[in-house]
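Enquirer: Letter by letter, the chains look like this.
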Amino acid sequence: MNPVRKRRLFIVLAILAGVGAAVALALSALQQNINLFYTPSQIAAGEAPEGARIRAGGLVEKGSLQRDATSLAATFRVTDGVATVTVRYQGILPDLFREGQGIVALGRVDAGGMLQADEVLAKHDENYMPPEVSQALEKSGMLKHYENGKPGGAQ
Amino acid sequence: MNWTWFHKLGSPKWFYEISGRWLPWFAVAAVLLLGVGLVWGLAFAPPDYQQGNSFRIIYIHVPVAFLAQSCYVLLAVAGAIGLVWRMKLADIALQCAAPIGAWMTFVALVTGAIWGKPTWGTWWVWDARLTSMLILLFLYFGIIALGQAIANRDSAAKACAVLAIVGVVNIPIIKYSVEWWNSLHQPATFTLTEKPAMPMEMWLPMLVMVLGIYCFFAAVLLLRMRLEVLRREARSNWAKSEIKALLGAP
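The listed protein sequences correspond, in order, to chains A and B. Residue 132 in the working numbering sits at position 132 of the first sequence, and the numbers go up by one each step. Residue 79 in the working numbering sits at position 79 of the second sequence, and the numbers go up by one each step.
Chain A with its partners taken away, still in its complex shape (with noise of 0.2 Å):
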């Protein structure tokens, strides 16, 4: 390569080094501000601001869904496996909202502790799966396995 043009990839490299230095340091400056919610256990340890309007995200627990027998509302606890926070909703909840499922919930935590949240986005893993595969495995008992055996799986 003659030297003028590698000048020039050397020029066109440390636009590329710089910037991206530029915006890694300004992403690990903003890292918290990028997280859509929070989970239980940063709200338990007092992570989430107070009062403001946050996002909690995290597992339905499985048998804490109850829903009011003349409303749309219901409450839920959500857990990440650590902490448990408690979630009150009234609205149609998302398609894919069931006990076990991951949702964000975005609300006030109150003084009591609950939040109340005003929607409840549902969140869902990247496994894809026939119906018919999903029944065996249940039936099996392989679901749990086959969910805690690939990262991200549990969300």
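Computed list of lysine-lysine pairs in DSSO-like fashion (alpha-carbon distance at most 30 Å, straight line):
| # | chain 1 | residue 1 | chain 2 | residue 2 |
| --- | --- | --- | --- | --- |
| 1 | B | Lys244 | B | Lys8 |
| 2 | B | Lys158 | B | Lys88 |
| 3 | A | Lys6 | B | Lys13 |
| 4 | B | Lys8 | A | Lys6 |
| 5 | B | Lys195 | B | Lys175 |
| 6 | B | Lys175 | B | Lys158 |
| 7 | A | Lys6 | B | Lys158 |
| 8 | B | Lys244 | B | Lys13 |
| 9 | B | Lys158 | B | Lys240 |
| 10 | A | Lys139 | B | Lys195 |
| 11 | B | Lys88 | B | Lys13 |
| 12 | A | Lys6 | B | Lys88 |
| 13 | B | Lys88 | B | Lys244 |
| 14 | B | Lys240 | B | Lys8 |
| 15 | B | Lys8 | B | Lys88 |
| 16 | B | Lys117 | A | Lys62 |
| 17 | B | Lys175 | B | Lys117 |
| 18 | A | Lys139 | A | Lys62 |
Calculated from the structure, these hints are not laboratory results.
Place chain B on chain A using the hints.
Expert: This is chain B only, laid out in the frame that chain A set:
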């Protein structure tokens, strides 16, 4: 390693001849693969155990989002080649690929929103993956606008190349956004490096769609580049005779 093919790329005439030979193959492959993949994915692949049939939009969303990012990497590589080797063809490739990439990003965002409403419960959420993808769309818009705004071809090429190279920083951010931060968007299903997160009968139509969309991209890009080469070389003898032959003039 033999670099003659690389230096030959500097000749628009050579590119015009060779691309004319490749174009029909890419076009035929794109039609076949996209046709097979769409029918297979949308009609014959099994439904998902949680989402039912609505997950089928993945067969459009993922290939298109894949291409949107690859296309930007291509812009950056073309930009670097243009800056370092001053190759005319690099700028042509950059200018011709940018609108295709912008459309792909747009389609990925729209199909994602359509998919998000029934499954997540929202059209849009400002999570890391969705936001970085929106930034990608604006980067494409920026490159297109910059290329159109500067009248001098050489300065426009240089400015676009620099913007393309700077913007490529966004690509790893898009890719790893779902791993670095808590996001609503799930991690990647379709990767070439790991075991796929779906069974074969769901994964194969996806593979066909991804290959098909790349062939589609190659065909459209070559088509656009050939036209642009003719336009820029319109004063040279070979281009004049080629245009005459294409128009069927006496």
